[in-house]
Amino acid sequence: MPTYGGWTGKTLRVNLTTRTSTVENTLEKYGEFWGGTGMAYKVLWDETEADTDPLGPENIIIFGWGPLTGTGAPCGGRTCITALGPQHPFGAVTTGHMGGHFSAEAKYAGWDGIIITGKADGPVYIAIKDDKVEIVDCPQIWGNGIYRATAEIVEAMGGSCQVAAIGQAGENLVAQSVIMTNYSHSAGGQGAVMGSKNLKAIGVVGTGTVKIAADKKVWRNLIDYSMSLVGSNNQAVVPNSPQPWSDYVSSARWYAKKGQYWGAADPPVETGICEPHDRQSVGYRCLKSDPGTFAEQFTVRMDGCHACPVRCHQDLLVPTAAKWGVDPTAANTCTGWWGRGLMDSAKVKSGAGTIVQDQNLRALEAYVVGKHMTDDFGLHNNYGLTDRGWAFIYGGTDKGVTYIQPNVPPAEWTALNATGGLFDLYEKGDLNFLMAFGKMMSTRSTELGRFLGDPVETALARWEVNTPGITAAYHASASVQWWNHGFPKHHSLENGAQVGGLINTGYNRDSQNHSWSSYLSCGLPQQIIRDVATELFADAGYTHAANGDPIAMGDACNFGSAATPMNRAKAVAAVWAQVKKELCDSLGICNWMWPWIPSPLKERGYRGDIGLEAKLFSAATGRNMTTKEFDAEGVKFYVLHRALTVRSFNSMNMRTLHDQLPPWGLAVNHPGTVPFDGTNYYETQEDWDLALDYFYEELGFDQTTGAPTRETLESHGMKDVADELAAVGLLPGAIG
Amino acid sequence: MAQHEEVLSELGAIGAEVAAGKVSRRSFMKITGITGAGLFAGTVFSGVPSLSALTGSIPILTDAKGILIHDVTRCVACRRCELACSEFNDGAASSYLARVKVGRNMQWGAGPSTGLVNLTGKAGNFRVQADTCKQCPHPVPCATACPKGAIVADPQTGARKVDEALCIGCGYCTKACPWAVITLKKPSSDRTTWKATKCFLCDGSPECVRACPTGALKFVSWRDLRLSYPPVQATTMPSTTAVVCEDCHS
Numbered sequence: 000m001p002t003y004g005g006w007t008g009k010t011l012r013v014n015l016t017t018r019t020s021t022v023e024n025t026l027e028k029y030g031e032f033w034g035g036t037g038m039a040y041k042v043l044w045d046e047t048e049a050d051t052d053p054l055g056p057e058n059i060i061i062f063g064w065g066p067l068t069g070t071g072a073p074c075g076g077r078t079c080i081t082a083l084g085p086q087h088p089f090g091a092v093t094t095g096h097m098g099g100h101f102s103a104e105a106k107y108a109g110w111d112g113i114i115i116t117g118k119a120d121g122p123v124y125i126a127i128k129d130d131k132v133e134i135v136d137c138p139q140i141w142g143n144g145i146y147r148a149t150a151e152i153v154e155a156m157g158g159s160c161q162v163a164a165i166g167q168a169g170e171n172l173v174a175q176s177v178i179m180t181n182y183s184h185s186a187g188g189q190g191a192v193m194g195s196k197n198l199k200a201i202g203v204v205g206t207g208t209v210k211i212a213a214d215k216k217v218w219r220n221l222i223d224y225s226m227s228l229v230g231s232n233n234q235a236v237v238p239n240s241p242q243p244w245s246d247y248v249s250s251a252r253w254y255a256k257k258g259q260y261w262g263a264a265d266p267p268v269e270t271g272i273c274e275p276h277d278r279q280s281v282g283y284r285c286l287k288s289d290p291g292t293f294a295e296q297f298t299v300r301m302d303g304c305h306a307c308p309v310r311c312h313q314d315l316l317v318p319t320a321a322k323w324g325v326d327p328t329a330a331n332t333c334t335g336w337w338g339r340g341l342m343d344s345a346k347v348k349s350g351a352g353t354i355v356q357d358q359n360l361r362a363l364e365a366y367v368v369g370k371h372m373t374d375d376f377g378l379h380n381n382y383g384l385t386d387r388g389w390a391f392i393y394g395g396t397d398k399g400v401t402y403i404q405p406n407v408p409p410a411e412w413t414a415l416n417a418t419g420g421l422f423d424l425y426e427k428g429d430l431n432f433l434m435a436f437g438k439m440m441s442t443r444s445t446e447l448g449r450f451l452g453d454p455v456e457t458a459l460a461r462w463e464v465n466t467p468g469i470t471a472a473y474h475a476s477a478s479v480q481w482w483n484h485g486f487p488k489h490h491s492l493e494n495g496a497q498v499g500g501l502i503n504t505g506y507n508r509d510s511q512n513h514s515w516s517s518y519l520s521c522g523l524p525q526q527i528i529r530d531v532a533t534e535l536f537a538d539a540g541y542t543h544a545a546n547g548d549p550i551a552m553g554d555a556c557n558f559g560s561a562a563t564p565m566n567r568a569k570a571v572a573a574v575w576a577q578v579k580k581e582l583c584d585s586l587g588i589c590n591w592m593w594p595w596i597p598s599p600l601k602e603r604g605y606r607g608d609i610g611l612e613a614k615l616f617s618a619a620t621g622r623n624m625t626t627k628e629f630d631a632e633g634v635k636f637y638v639l640h641r642a643l644t645v646r647s648f649n650s651m652n653m654r655t656l657h658d659q660l661p662p663w664g665l666a667v668n669h670p671g672t673v674p675f676d677g678t679n680y681y682e683t684q685e686d687w688d689l690a691l692d693y694f695y696e697e698l699g700f701d702q703t704t705g706a707p708t709r710e711t712l713e714s715h716g717m718k719d720v721a722d723e724l725a726a727v728g729l730l731p732g733a734i735g
Numbered sequence: 000m001a002q003h004e005e006v007l008s009e010l011g012a013i014g015a016e017v018a019a020g021k022v023s024r025r026s027f028m029k030i031t032g033i034t035g036a037g038l039f040a041g042t043v044f045s046g047v048p049s050l051s052a053l054t055g056s057i058p059i060l061t062d063a064k065g066i067l068i069h070d071v072t073r074c075v076a077c078r079r080c081e082l083a084c085s086e087f088n089d090g091a092a093s094s095y096l097a098r099v100k101v102g103r104n105m106q107w108g109a110g111p112s113t114g115l116v117n118l119t120g121k122a123g124n125f126r127v128q129a130d131t132c133k134q135c136p137h138p139v140p141c142a143t144a145c146p147k148g149a150i151v152a153d154p155q156t157g158a159r160k161v162d163e164a165l166c167i168g169c170g171y172c173t174k175a176c177p178w179a180v181i182t183l184k185k186p187s188s189d190r191t192t193w194k195a196t197k198c199f200l201c202d203g204s205p206e207c208v209r210a211c212p213t214g215a216l217k218f219v220s221w222r223d224l225r226l227s228y229p230p231v232q233a234t235t236m237p238s239t240t241a242v243v244c245e246d247c248h249s
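Chains as they are written, first to last, in numbering that gives the first Met the number 0: chain Z, 0 to 735; chain L, 0 to 249.
Simulated from the structure, these hints should not be mistaken for lab results.
There's no promise every hint is true.
Unchecked claim - Below are the DSSO-like pairs computed for lysine-lysine, each with C-alpha atoms no more than 30 Å apart in a straight line:
hint, chain 1, residue 1, chain 2, residue 2
1, Z, Lys215, Z, Lys322
2, L, Lys194, Z, Lys215
3, L, Lys185, Z, Lys28
Claimed, not checked - To give an idea of the chain Z side of the interface with chain L (calculated C-beta under 7 Å), a few residues:
hint, residue
4, Gly69
5, Val268
6, Asp314
7, Ser476
8, Trp663
Stated by the list, open to error - Negatives, chain L to chain Z, calculated, CB over 12 Å:
hint, residue
9, His137
10, Pro146
11, Asp153
12, Pro177
13, Glu245
Note that CB positions come from ideal geometry on N, CA and C, so glycine has one too.
Use the sequences and the hints to build the structure in full.
Here it is, written out as structure tokens:
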């Protein structure tokens, strides 16, 4: 019997080629890497090569969570899906994140993670029922969307079954594809990896338990403490309207108020005052209505992941959406509502006529239709980059003449421009555009569909031949907001200046990292944000930069357009933010909610607890760690990610090839802009070079290249990684 | 001394005959003048909530004082109720063993719904039903099914509670509950470790109610909820057990 808690102790490995499954001892094999992304990086390092094809059978896809998943640690229902990423121009490691309840069910089935290798000889799904694992042929499900695949697997496995599935997009190896679970939770970018393995889905049923190492009274007290500190979505701790218990700021994601209702709850439910000590109102704080307040009357309830009290998904019932041939109920959050950005909103509204009510309704219907399109075909909008890329190549009044016409066959161009064709629907604001667009993209049957569905850099390179300059224009465009590698910015310079920028360089796709950006938007006055940061980080031991300079974390806080030059505190903050994201992803908790730097409690001076994850981890697993020790583990996972990236790039030169700003990030490309004058967040190359200098010093990366050094790798117990990099000339200072 | 033994000893000679199985329940009531109503209300035997040892194989449990109710329009399917129930009572998180059950209904609705019949739940109209114990009035299906009299009424709350010292883990109760809200804990393959587990209202302060972030779960005065929720399985009461009902009811 294990003496620890949190982990189940078993990791499942499935070989689709041989149709066999084996059980690995989690702690013996991956204990130093915990789970989730940490474990996945270790597997990919050990078992793939620099040139492994993301769509070949040698790629490995790892579904990971962590020891806190399935427990009462708030917001633990996350799954990280890591593989060599098909969206990346040459297959560097990427991770998609999905929520829902899949990982919790897998923990109850007794699994700390699922590692999938090889390729099945025909369409299959993996059926996991506690310790029984079957590989089930499913030729009749293949070809159908995610909704049908999920329903048919649940028919076979039962109503409590959680399913992760791909749609036609993943089957057809569209790079911009997702894996989806629980009807509204999708992980971007790995759908095609499953498709390339003939793996349609995984279904899991779990009737077991996840042990908590701590005494149950101790755990209860810790959960109570956690629930006392939680705010609303994205660390918001201030309401966005006047409340009897607080001042307010209109931008914060704490929406509840008197007279606001889940309007379609039948009968409606008021969200109300939601005083922070009222535990029975936490779930009403976040009526996050991405379509706007107009949608509140269509909101049945809020929704989200296992163990999260906040609920950031909106469940809508829009009866008139049925006229577009879709289910009038739809749920999602943020850019998961793909109808939101894909069509021209002015055209959508005018397509509905002149009555404002009709226009608002049509705009809302676009959300519903778009969600069904993306979640059934299983398409990834690449955090909005596909929308903006489409708008770029369509070019407004240009209507595709500049970029699309030279690149598509004449017959395709004719069809696009025909009455009732794609462009006609777009111009009329006709929502049938959405399904037509989704079908085009997920079947790869046209050149335009292939351009939109391929890795962005690959697609641009292909169109560069007939439309030279498209790549540079796309990269430089302030409306496209491309960052690097074929991915968009994701809370970058506009969320904390250099801290946001450094966070955005961290990965091989958009950064999926809210550790710092959420805090800056928590709603507290700026000086309180600075003071709380300085105090909490000092208490946790973050008092000096790597070079010995004392730091105050408040100095890392830049807000909106008022960027200041780089300083040491910002480098410490950027590293901390990256590390927190790795920790979240290796524990199984949500980085859109965690960490909790602030709290809504006036009696605490609005202080949260940045050591709370460490406390929860220690209590659940029995492996006691201080905050600093705990955070140091996350550094290790991030360093391994960097080593993997160096290997994929076949170059140490991360500084030049990986970590540079996009052209629009530099002030010099915005004529008349003066950097650091308090009106903008644009950078100078010198300041960015300094930002990288400080960042690399914090992490122990080589100053010139930004690659991990032997000393750094060995300090994290990864001498083997250092040796392998040295052997291929990718270790700074090593002779090849 | 067990409570029922105390009562029997107070009754003197008649108590000894009952304990020896020589006096039927019907005769017992005639002799002592205690009516069925008195038995049910527990007024005569205050402090003796279960008469199963006195009355034979059908336990008579006094009504529970409180009950959980669940609002399908406030529930957001976070499942923190399941977590509080299992972690704070058992020290281990579980959905299947939680005594309030959300996970099995959340996606496709309650009862017999499966993937292709989307009526309620996330894939249907978003309403989520948590299955809760109805704390059934007499005759209590799970308590009646139990061959060991291991399901008793809690002295303080009246909640129907598994006495693990008596439970042999046969699982018959799990087949008797019309809503399948009693489950069997199986900590190992050794059957002697198996125990039934069900909602016992946490001694009057239900953890799930406290944990619910929307107030969807509430703890209110007991009322009979059996007709409000369609059963998901047929309850089983063998005729050999039902026969004894005659003693009190003829």
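Comparing the hints with the structure gives:
Among the hinted pairs, Z:Lys215 with Z:Lys322 is inconsistent with the structure: their alpha-carbon atoms are about 52 Å apart, more than 30 Å. Taking the CA atoms of L:Lys194 and Z:Lys215, the gap is about 20 Å. The hint holds against a cut of 30 Å. Taken as a hint, the L:Lys185 and Z:Lys28 pair is honoured in the structure, with Cα atoms around 28 Å apart against an allowance of 30 Å. The interface hint given for Z:Gly69 is met, as the beta carbon of that residue sits about 5 Å from the closest beta carbon of chain L, less than 7 Å.
For Z:Val268, the interface hint holds, since its Cβ comes within 7 Å of a Cβ in chain L; the closest pair sits about 6 Å apart. With a cut of 7 Å, the hint placing Z:Asp314 at the interface with chain L holds, because the nearest CB-to-CB distance is about 4 Å. Annotation: interface hint on Z:Ser476 violated; nearest CB of chain L at approximately 38 Å, more than 7 Å. Among the interface hints, the one on Z:Trp663 is violated; its C-beta lies about 40 Å from the nearest C-beta in chain L, farther than the 7 Å criterion.
Non-interface status of L:His137 relative to chain Z is upheld: no Cβ of that chain comes within 12 Å, the nearest being about 31 Å off. Non-interface status of L:Pro146 relative to chain Z is upheld: no Cβ of that chain comes within 12 Å, the nearest being about 24 Å off. With a least beta-carbon separation of about 20 Å from chain Z, L:Asp153 lies farther than 12 Å from that chain, consistent with its non-interface assignment. Even its closest Cβ contact with chain Z, about 17 Å, leaves L:Pro177 beyond 12 Å, as expected for a residue assigned away from the interface.
Against chain Z, the non-interface label of L:Glu245 holds: every CB pair exceeds 12 Å, the least being about 40 Å.
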